[in-house]
Amino acid sequence: MIEALVIILIKIAVVMGLLLLAVAYMTWLERKVIADIQVRIGPDRVGPFGLLQPIADGIKLMLKEDLIPAHVDRVIYLLAPSLSIIPALIAFSVIPFGSSTTLFGLLAHPVTLRITDIDVGILFVFGVSSLGVYGIVLAGWASNNKYSLLGGLRSSAQMISYELSMGLSVVGVVLLAGSLSLVDIVGAQQGTFWLLGILPIPNWFVFWQPLGFLLFFTCALAETNRAPFDLPEAETELVAGFHTEYSSMKFAMFFMAEYANMITASAVATTLFLGGWLGPVAPSPVWFLGKVFVLLFVFIWFRATLPRFRYDQLMYFGWKRLLPLALLNVGVTAVSAALWG
Amino acid sequence: MQVPLSAYLILSAFLFLVGVVGVATRRNALIIFMCIELMLNAVNLTFLAFARFLNSMNGQIVVFFVMVVAAAEVAVGLAIIIAIYRNRETMDVADLNLLKW
Amino acid sequence: MEIALFAGFALVAAVAAVLVVIQRHAVYSALYLVIAMVALAGIYVLLEGYFIWIIQIIVYAGAIMVLFLFVIMLLDIPQEDVLWARRDWGQIVAAAALSLVLLVEMVLAVGRGALRGAQAAPASAQDFGTTLTVGRMLFTDYLFPFEITSVILLVAMVGALVLAKRQFK
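These protein sequence lines are chains A, B and C, in that order. First residue of the first sequence: 1, per my numbering; consecutive thereafter. First residue of the second sequence: 1001, per my numbering; consecutive thereafter. First residue of the third sequence: 2001, per my numbering; consecutive thereafter.
Chain A extracted, bound-state conformation:
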């Protein structure tokens, strides 16, 4: 009992540590990739290839003057950035990174590469991400600033609108896997099927639910307030949206929260559609990280390439285009599952 508790605590520490490190280096990755797409170099002064840039940025942000404006609601103003990042980190507690490992024979019993597995795994991820809306709404309100309030409300209205289509796009996956648990969903993607009898294709749900994958990815873009859906936080709109009045560490936490949400969304998309940690030859965490990295690259690619949606176009798209498509996907999947099993 104590041993199990210690193992879980170590897993939590390792996962959260790696996650925060990944969030910091996402900033570096984004700047490098966008620079490459825009035919320039990006950060390369601080350390080799600019690899120490996130550390330099962190030190700068920590040393900046921490302004708290006069008439803000103190408690909520200080609480909101944490409310933004905590749900993104908590969602990682049910995501499987790999099958079991014995750390090259160091451990007596193999330990499964996930923090825990609950039988309503995917619902837990959705519940926690719907709690992430609070950070933005409260940040906008606590700043005692009309523009922040409007920015916060617009951003959270966008998030809850796209949460709906996101949930529906996953229903097809759940129908095919027969379970809500993320471990079972990864398990249902094992094996291969033969295309035209000759070409082996892994049994990942992205091939069985292509529309579901596209819908989920689009909704994840909108959920994380990333381009092209990032109007509520664009620098030229409403001053800077809900985080106008924030400075230094709290501002840094909002940015960390956005990148953490991106990583969580990519990890969930990998688990649901790209077969999680499944893959031949290489050890399973390597496959998982590789797939998450590919999806993060696509996130950054979209930001560098696509222009921004206007807010009413964004809401129209979410409610009148994506939601009917998601319902169509559910209908078609349900009918085919009933007819062909």
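Since the hints were made in silico from the structure, they are not lab data. Watch out, some of these pointers could steer you wrong.
To be verified - 20 Å max Cα-Cα, derived SDA-like pairs, lysine to any residue:
no. : chain 1 : residue 1 : chain 2 : residue 2
1   : A       : Lys146    : C       : Asp2076
2   : A       : Lys320    : C       : Asp2076
3   : C       : Lys2165   : A       : Asp312
4   : A       : Lys320    : C       : Lys2165
5   : C       : Lys2165   : A       : Ile76
Position chains B and C against the provided structure of chain A, taking the given hints into account.
Chains B and C only, in chain A's frame:
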């Protein structure tokens, strides 16, 4: 030693009581609405406790329906409150006395 | 272990509920209510509601309370004085009488039942409270209410839109 049924019922009754006191003493329509939601949650807890102790799944199904109806009720209730605010510029239930004799 | 968890969650829920009622500002009330609901979700897990607890978090804490917060923030409402500062004696007497009656009733009902309710819970089936069982029951025994709730949600959506729109075109 397990938690006895009376413990769950006492907690549920306490939450319900707090909700009733809230509805009776507050004048802000939104807070009254929130206390109604608190009462609904207390009732949900009672249903689930009895479902567990009588080993019957019907209690959980009822809780599911209560949640759905509560969601619908909140949507319509908040729309009504917004409409009232737009017309009379107040959210104080003591000011809504046009039908008083 | 179960008793410690129940005591913890129950304490959080009870304190948060009391704080909901006595706050002056509506935003704080809403946030304390969210805390109370999440604590209740923890108690639902102890009662083997393995599907209901996550639905409580998604629907109540994640959607309904966000809606409350939206309305509170859009309509800038003034702070309200506490009851005894308002000197509205009629309301104070009525509230006290109502609370007293309910308190007495609660003590009587729970006291009488507590003597009989002290036995342990019966052993439950393997899949009691799981998503599978709830889903099966919703689509067999409770199919008609299930379909009716979808109509209720549709009516609520249309009603909310109609009531909150500024004017008819």
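Each hint tested on the structure:
no.: 1; hint: A:Lys146 - C:Asp2076; verdict: holds, 11 Å
no.: 2; hint: A:Lys320 - C:Asp2076; verdict: violated, 31 Å
no.: 3; hint: C:Lys2165 - A:Asp312; verdict: holds, 17 Å
no.: 4; hint: A:Lys320 - C:Lys2165; verdict: holds, 19 Å
no.: 5; hint: C:Lys2165 - A:Ile76; verdict: violated, 31 Å
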